[in-house]
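A.B. asks: Each chain, letter by letter, is given below.
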Amino acid sequence: MARITHGIASSHIPVLGFAADHGKTQDPIFKPAFDGYRWTREWIANEGKPDVVVLVYNDHASAFDMNVIPTFAIGCAESFRVCDEGYGPRPVPSVVGHPDLAWHIAQSLILDDFDMTIFNKMDVDHGLTVPLTMMFGEDCKEWPTTVVPLAVNVVTYPPPSGNRCWLLGEAIARAVNSYEEDLNVHVWGTGGMSHQLQGPRAGLINREWDNMFLDKLVGDTQDLRHIPHIEYLRETGSEGIEMVMWLIMRGALGRETRCLHRHYHVPVSNTALGHIVLEPVDGTVPQSPTFEADGAVTTSIDQ
Amino acid sequence: MTDIHDYLAEFDDIPGTRVYTAKRARQGYQLNQFAMSLMQAENRERFHADERVYLDAWPMSAEQKQAVLDRDYNRLLDLGGNIYFLAKVFASDGLSFVHAVSTMTGMSVEEYQAMMMDGGRSPDGVRSIGDKC
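Sequence lines, in order, name chains F and C.
Position 301 (the first sequence) corresponds to 454 in the numbering used here; numbering is contiguous.
Position 64 (the second sequence) corresponds to 259 in the numbering used here; numbering is contiguous.
Taking CB as the label site, the calculated pair distances span:
1) F/Glu291 / C/Thr197: 37 to 47 Å
2) F/Asp435 / C/Leu264: 52 to 62 Å
3) C/Leu264 / F/Asp335: 52 to 62 Å
4) C/Met312 / F/Glu333: 47 to 57 Å
5) C/Asp288 / F/Gly176: 18 to 28 Å
6) F/Trp196 / C/Ser323: 39 to 49 Å
7) F/Arg156 / C/Arg266: 42 to 52 Å
8) C/Asp313 / F/Glu291: 25 to 35 Å
If you're looking for bench data, these hints aren't it; they were derived computationally from the structure.
For each residue, glycine too, the CB sits at the ideal point set by N, CA and C.
Here chain F stands alone, though its shape is the one from the complex (with noise of 0.2 Å):
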């Protein structure tokens, strides 16, 4: 049976992909910011090894345009190309996908009631991409993963809520727990921590917020899942707003988890850098209230 082992949330920030592709990573101003991703990359390597990743994240006007604005949308393709987000793009390599898996978690994530968008052919962006690097290093010829990338609409308002995120991560246990191929499967929530990147109140950092938020992802508290969007923006800048994609991520691992690894870090360009990576202790996650196969909507309709 293929079973969620880990859960992994990391900022997406584009000028560490730039780093990465021009052989800066050791410089002064973006060290740290490889330094905090060095316990990463040796455990996922030699122990934490994903077969396939669930890849939470939002693209950034690059796929999807004002033409097409899907709240959740999931990648079935074979595979990915990188795209071109105006400067050329990234000389990485392509994504290669898992079109089983995906397919099946977006077969079940539509009949938990998430009307998830599909999406066969496309091209993935910072978003996807930089998380890759981070955690497997600049030298890739090809990934060592394959992964189903997730797209979440934090563009246009109203972006998904927490909870709603969070229930979606439940959704995605149940329906990775259901595949019966035996697969490690990550489940990785990107982009984040506070950053604002417009107007005159550009380059908000609020450390003390972020690591309240680091706190409550490790352990069995479900309070995030209540912070409405204006916190995030009053207190994390408008482009906080991100990390309700970490919920997803958390949402997934369940019940309980235990952190093995957390890095936090200010600046990174505009934005704070936030890094951890999870491990479920009690993976349970509630049954569908909808799935005709429990049995729940019978017992609410005799009531």
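Model the placement of chain C on the given structure of chain F, informed by the hints.
C.D. replies: What follows is chain C alone, placed relative to chain F:
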């Protein structure tokens, strides 16, 4: 159920911030689609060869076109631009996020970089227009 009017009204209370609501998305539709077009190298060449001619092929307002020519990013945000889309404009100019973002703050690039190296802008005093908290 969140009240949609309360939900949207709160976004107007954050200093120096333009949240990309449906109203702004409608206003900036052509502007943002223009920015998206710069993801293709051929379009970037055509844009840089004659910005005015390139912009005139888009049904944008005169104010939006002028703000692009001026690279006035605060004005572009006011006119419905979104930073993820506008990033294509400064990326095609060869500017980093730090450089482009700093132009919106009233600081020089050096001052902005110094602020970031010092830990960034504190949220104290810029959480709310109404409360000044």
